[in-house]
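Fit chain B to the given chain A structure using the hints.
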Amino acid sequence: MLRPFRLEEPESVKEVSELLGRFGESAKVYAGGTELLLAMKEGLVHYERLINVKNVKGLNELASDNGMVRIGALCTHRQLETSPLLQQKLAALVRLEQNVANVRVRQVGTLGGNLCFAEPHADPGILLLALGATMVAERASSKREIPAEEFFVDAYETCVEPDEVLTEIRVPVPARNSGVAYLKFGYLERPSVGVAVAFQVQESGRSIHDIKVAVGCAGPAPKRVPEAEEQLKGKSLDEATINISKAGEIAGRAAQAISDLHGSQEYKEHIVGVLLKRAFQNALSQYRAVQS
Amino acid sequence: MQFEKEVEIQVPREKVWNFIWDVDRFVACVPGCKEAKTIEAGKLYSATMIEKVGPFRVEFPTTIEVLEREDLTRIKAQASGADNKIGSRMKLSLDVKLREQGEKTVLGFVAGVDILGKLAALGHGIIKRKADQVLDEFAQAVKKHLEGDS
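Line by line, the protein sequences are chains A and B. Sequential numbering of the first sequence, starting at 1, is according to this note's numbering. Sequential numbering of the second sequence, starting at 1001, is according to this note's numbering.
Okay, chain A solo, but in the shape it has when bound (with noise of 0.2 Å):
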């Protein structure tokens, strides 16, 4: 049962951050609350307060400049699912969003709150990752940009400071000789493994000069693979479609998989190999289709 709490509706991110800022551990922001008000009517968390940042304006906008996409953190994923800019800009994660949880919870859960919570099951945060994605968080006072790298600290933890304000999701829109993909894998709604590539050809289309691997699901928190990045980076096209293999044993290693109720640890290390040969392809074949 959901224990009685009080309900604070400020109207700028900045009284958000001085309520964060005076009520401590004590007060939560709340968003779609799709998983914060699971967590609370399961009392396995409470907070006497809960900061509906709902009403606070700008943070639900998208909009696209200097190659670049905002999301506003308010975004919910159905919004982002039907976006005809994001489909545009970018498709992949459109398409990650059209197959997030379930319509009900894409309906009102947000992009921030899903990353802000950081449950280790959550597909966004992977492809984002692998987008170079930089997230803006706010308080009172101050802005600053966290790269997506830092952005996850661990299991339900982000770099986020307790009065900060995740405003802002910021996106570099891929270039026309990219390739991007994300895929996971597992039961029901909850994914037990995801994987995310993107890479950039040389415009001359001879070898990848820049590429992305992100793991996440498997392990505590999403994270970019260097060491099997490496791997890829600089060879040609045909050059890496061999050495996918080797990148997605070393990104199945890094994935830092627990063994629980979804699979053994060697079983998703596995399951991290196999998703990433099948993106990388995936990703290879939108690059080819979009060059042809």
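Watch out, some of these pointers could steer you wrong.
Think about it this way: if two alpha-carbon atoms lie no more than 35 Å apart in a straight line, the pair counts; the simulated DSBU-like pairs of lysine-lysine are [said to hold, decoys possible]: (1) A:K14 x A:K89; (2) A:K277 x B:K1128; (3) A:K54 x B:K1052; (4) A:K41 x B:K1052.
I should point out that these hints are in silico values taken from the structure, not numbers from a laboratory.
Okay, now just chain B, sitting in the frame of chain A:
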């Protein structure tokens, strides 16, 4: 969940053994352990275990019972506690062994940890990882404490 740990400590076995029975110093090495009390020396103790995973915090008032004791060699103990606020229980069985290795002592322990109730909703994997971290920190803290003394 079963864990096995071993740590080499550069001090004689007797010193390690005496340290284990010095409740205040020993408790300082157990992450999240507070308010330790001796109820019956050598047999029964109480303490409060506090752990956090992200926003989730548990507080287990715990009773620790020493089941077997072989001087300088082995201690077998069990502990249990309940956090009624979040409706979860914790059970721990601990088998500690001390082995001489020249001037050093090898402190090994096998720990069986069970978390029951709502906390299990966090997922077996997360809890297992946290328990593993706590035991690692404990082993390293004991080593640091004892080697710092010598």
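Against the structure, the hints:
no.	hint	in the structure
1	A:K14 x A:K89	holds, 31 Å
2	A:K277 x B:K1128	holds, 30 Å
3	A:K54 x B:K1052	holds, 28 Å
4	A:K41 x B:K1052	holds, 19 Å
Of the numbered hints given earlier, the model fails none.
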